[in-house]
Amino acid sequence: MAFYVVQFLTGLASAASLFLVASGLSIIFGVTRIVNFAHGAFYMVGAYIAFTLTDRLSGAFGFWGGIVVAALAVALIGVLVEMVLLRRIYHAPELFQLLATFGLTLMVEDLVVLIWGPDDLLGRRAPGFKGAVDFFGQNIPSYDLFLIVLGPVVLGILWLLFQRTRWGVLVRAATQDRDMVAALGVNQKWLFTSVFAVGVFLAALGGALQIPRDAVHHAMDLRIIVEVFVVVVIGGLGSIVGAFVAAVLVSELNAFGILIFPKISIILVFLVMAVVLIVRPWGLFGRPEAPARRTPGLTVNPWRPLTSNERLASLAALGVAAALPLFAGNYALTVGSEIAIFVIFAVSLHFLMAVGGLASFGHAAYFGLGAYGVAFLAKMAGLPMIVCLLLGPLLGCLGAAVFGFFAVQLSGVYFAMLTLAFAQIVWSIAFQWVSVTGGDNGILGVWPEKWAASPSHFYWLALGVATLVTIALRIAVFSPFGYALRATRDSALRSEAIGINVKRMQWTAFVIAGTTAGIGGALFAYLKGSVFPDNLGISLSVDALVMVLLGGVETVSGAVIGAIVYKALNIWLVSQTDLSKLVLGAFIVLIVVVFPKGIVGMLEMLAQRRKGSSPPGSTLLAKPIGPAE
Amino acid sequence: MRAKNYFVGAAFALLVGGMASSVRAQEIKIGEINSYSLLPAFTEPYRKGWQLAVEEINAAGGINGKKLVVISKDDGGKPADAQTAANELVSSEGVAMLAGTFLSNIGLAVSDFANQKKVFFLAAEPLTDAVTWSKGNKYTFRLRPSNYMQAAMLVEAAAKLPAKRWATIAPNYEYGQSAVAVFKKLMSEKRPDIQWVDEQWPPQGKIDAGPVVQAVAQANPEAILNVTFGADLVKLVREGNTRGLFKDRAVVSFLTGEPEYLDPLKDETPEGWIVTGYPWYSIKTPEHDAFLKAYQAKYNDYPRLGSIVGYQTIKSAAAILAKAGSTDPEKLIAAAEGLSVGSPFGETTFRKIDHQSTLGAFVGKTALKDGKGVMVESSYKKGADYLPSDAEVEKLRPKD
Amino acid sequence: MSVAPTLLAVEGLTKSYGGIHAVRGVSFELRAGEILALIGPNGAGKSTCFDMLNGQNKPDSGRIRLLGEDTTAKKPREVWRLGVGRTFQITATFATMTVRENVQVALISHQKQLLNLWGSAPRFDRDEAVRLLELVGMGGYADRPCGELAYGDLKRLELAVALANEPKLLLMDEPTAGMAPRERIDLMRLTARIAREKSIGVLFTEHDMDVVFEHADRIIVLNRGTLIAEGSPTEVRGNPQVQAVYLGEGLVYDARHREGAAT
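Protein chains in written order, with our numbering: chain A, 1 to 629; chain B, 630 to 1029; chain C, 1030 to 1292.
Calculated from the structure, these hints are not laboratory results.
In silico contact screen, one side only, chain B against chain A (beta carbon under 8 Å); selected entries:
| no. | residue |
| --- | --- |
| 1 | Gln712 |
| 2 | Ala738 |
| 3 | Phe742 |
So the derived label-pair ranges between C-beta atoms look like this:
| no. | chain 1 | residue 1 | chain 2 | residue 2 | range |
| --- | --- | --- | --- | --- | --- |
| 4 | A | Trp159 | B | Asp877 | 40 to 50 Å |
| 5 | B | Gly901 | A | Ile429 | 32 to 42 Å |
| 6 | A | Trp451 | B | Leu1025 | 29 to 39 Å |
| 7 | A | Pro384 | B | Ala963 | 26 to 36 Å |
| 8 | C | Gly1048 | A | Trp159 | 22 to 32 Å |
| 9 | A | Lys189 | C | Gly1267 | 51 to 61 Å |
| 10 | A | Ile429 | B | Gln655 | 44 to 54 Å |
Below, a list of computed lysine-lysine pairs in the DSS-like style, where the Cα atoms sit at most 27 Å apart:
| no. | chain 1 | residue 1 | chain 2 | residue 2 |
| --- | --- | --- | --- | --- |
| 11 | B | Lys747 | A | Lys379 |
| 12 | B | Lys1011 | B | Lys813 |
| 13 | A | Lys130 | B | Lys876 |
Glycine included, each C-beta is placed from N, C-alpha and C at the ideal position.
Generate coordinates for the entire structure from the input sequences, incorporating the hints supplied.
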């Protein structure tokens, strides 16, 4: 019995650290609607600074003071980031802030290694909390008890802050309706800055408090960020109590789950999230998102098919691309193939995101399923390459059909998180089911047949498929289906009122996007000759998002450019420098600030300006496209 | 569509990059790939090691009179990126052979690439047995003692323990799973009387150490096998120490004696664990002394195991290239098979049968000295003594 | 007109939220070609009523029959397929598409081409779309992005969209809110003309009594969720109960009305 009590308390201690970080994220998202990918980075920097301070300062005061000062220092960094970077892009399309914070995260990961070195650092134990307390023969670390108390205390302080102060009232109001607060004449800028600071403070505090029980290292951020997102979503976005309950739920399920299924940890949070979201689409304590209000008088450039001149230009560009093998070496051709494949991947997500208004955070699942489909068919069934290429993507199609059905029941961030959960579930199946998928050692030897083996032939194959896919999706955008899909994105209410089954349209779009991604994955398997769980992983999903956002989510051809620029740059940087993350991150941040509509969006605006007909409304930037309703 | 213009631009950039790398006749190039940005704690010492080797080789006149150049690429910890890098090295840089890699899946990805493109590949660090056995191929050789070898070395010591009730803690991925599987198999062969009472599989890099320690303690084993490393190990040790998990229990632990993993534990290093590792401070052989002196002189730092692996990878590669007298992969394979190379750990041989090097490892016990973790009572285990019989190996390895 | 068939028959419609009756036992009928106004003070239950009629909201009890078919449990899109067009109090349009594309989407849906992935939507029934836009006086705006339109134009666009499926019944929730007085009269005249020509039944709510009394054939009055009066404009105008309700509320209406226009 004592064991179960102790296991429960241990779970609570884990929950406390999770809650600190999650509450900060929840507050930030609730008010600013920023999907703060950099939250984990702030957590990590909090731990690093706390490590340095507690190492230099002695005594109990030095330790606890160091922790608090570290959190404050990081909060200050957060304020700077908010004022210098995020403030410029609040009106950019939704999720653009995700791109900015993603770039920031990349930079921080390299920076901490530059500053603190590559080794894992062992922080000081907390003075007064070094030992353990005996509980009927079981030991509970006294630091755990401290954390168990701290969690509810922070919850209480936050509650008081939100319920008893004017600032808190404003924050709560803003969580429910941003525009209303703006209408009340509150200085929204400083409200956002202060909220961001509080959120970052909590993240950094969470990180700093880890140093007595963890190693401080440069991958801490990735270790926590996804889990924290999941906790926030399970609890309900913007709900502090929800974050607390979800943190406890997840930690306790893990603490007891591993007694029965020792391998459950790897997937548990995602399973819980998937179940919670299917049963309660807004999380345990969340409320339906207030539909984003549209101010009349704003617009984006209406989409139109290419003019005949543009068609000729594209054809010419394609011709040049097709002539690449005449003068480029094998390496350039293989990189070209990889870029072409990522164009397929990016346009497939773009179709879902820009046309359907559904931002998937787990699109790599269908890319990877396509790749695994090919690998299974080629290695187990021994089918010829052409058959594998045709049938492999069907696995992506199947996955998209099943998961998409559930995912489209939700919208906005909840949709994004459910797709993420599904992707992680698929990933962990690929990772764990060693007998079928080879686990993380993957499936090897999926090389192309002779006719496609030479780099130039494969390049033509990839370029050809990428062209076909891009054209097909473009046709779909301007097909009756594409119009109706955009209609559901713009107004679900109106769409239903004119006979459109919104969910079915979205589901169809999801399946189309998933299948298309699967085509990319199928080619990728042959390009690399192997398939790994990485092909389904979060970082690939994030890559896809970045490519779409970089190109411009409000444009038709943004994904193509985004994929080419991002992938080419990425490959080049990784080859040139070990600090590729720093450079790439800085580049992304720069793009976000300079081209808040993405590269193609920017070009379109310039073209429009040159024509003299400045787009109606300087409000261009104010129009959030995305899962608005 | 402006899209295509960008495409062409990118293509040109790549093209120019490709042409710039003209092959100079007086150089021999080795293409090296590792997870520098993902795992700097392990790859930095490794890089220092191979850089030292390159310096020594060129100071001694290069390879058959030609200067050795190592072109190094980061793989970011992704198999797909490692293949892109391998392709660049082979297609654009025209390297004579590939070397390096740390993670098992990346080692396998590059090995498969090497097999497909018919390029010689010397895998430096990946531990998975698949590299030389189930997914072995004729182009791939491996330097570091494999999972099986490390397990066999530990089992030798572990089987002498009186403990009968064992629990395992291992990261939930291929490395952890196969380490536990091999250990269990070899252990049960030697000690049919032991029982496996609990197993914990925390996700790699994401251990929630409290509940794991608690769960293992609840099973009340007499001995524990640990396979976690890095930050997970730190958390596990801290929780385990505080909760008294390791008190009066024997612990056998993979790799923990390597300075990369042992040093971060500082004064919290648990004592008496049976580990494999690299006690650089207590190895007193002329070969090692020479290496240690050169390394410390160049870097003003002590070597980690990665330094040895990096150093020996390039030393071995150079020996292979020198003996082959050619960069033709078939000749390189012929030269490498059965080749003996000196190392800081003594002479090693690349076995013809499975292309595994016989480089060994040290087994000893952890101890605390001046607030730092060290390995004591350590002894060098020759790799050749911990590999299965040739008949077994032939069954494990596909025919070329 | 008295022989026109019954389009819509509502019986005992009831809806409550948390114990408060929003709509209670409302029954009325609407015939083809008839223009029926639903009026009542703020919070009388008009919008709730409307939402139930096209399936946006499910009644607690009661029955709705459209063209003889029970539509009580049907979804908005199913109700629309039966030939019911609807405009919203706060306009709902496709803001990133052009005016013509807004109408084309409705035409695509009407012709069941929603899953057509191959055809060209920009050319889809272009003439019909333009014809509908011209009908509501929006012909010159066809290529303008919908997001640029003034509020009154959005209302007209909604009417064009609502007419795209050749409806037999139009549900118009405050069709003239936010319009200048002149525009209101134009729009309602237009609506009345179309209704008479095509024998479409129209049910609308309206705050502007001038509009109501000029265009409605019949008026029903809701107060606190119940029907308090029904009859011709003259009858309703003379109803003391209606007068009582309205005398106290007139000012409130106007204020709310303007506020609504601003959002």
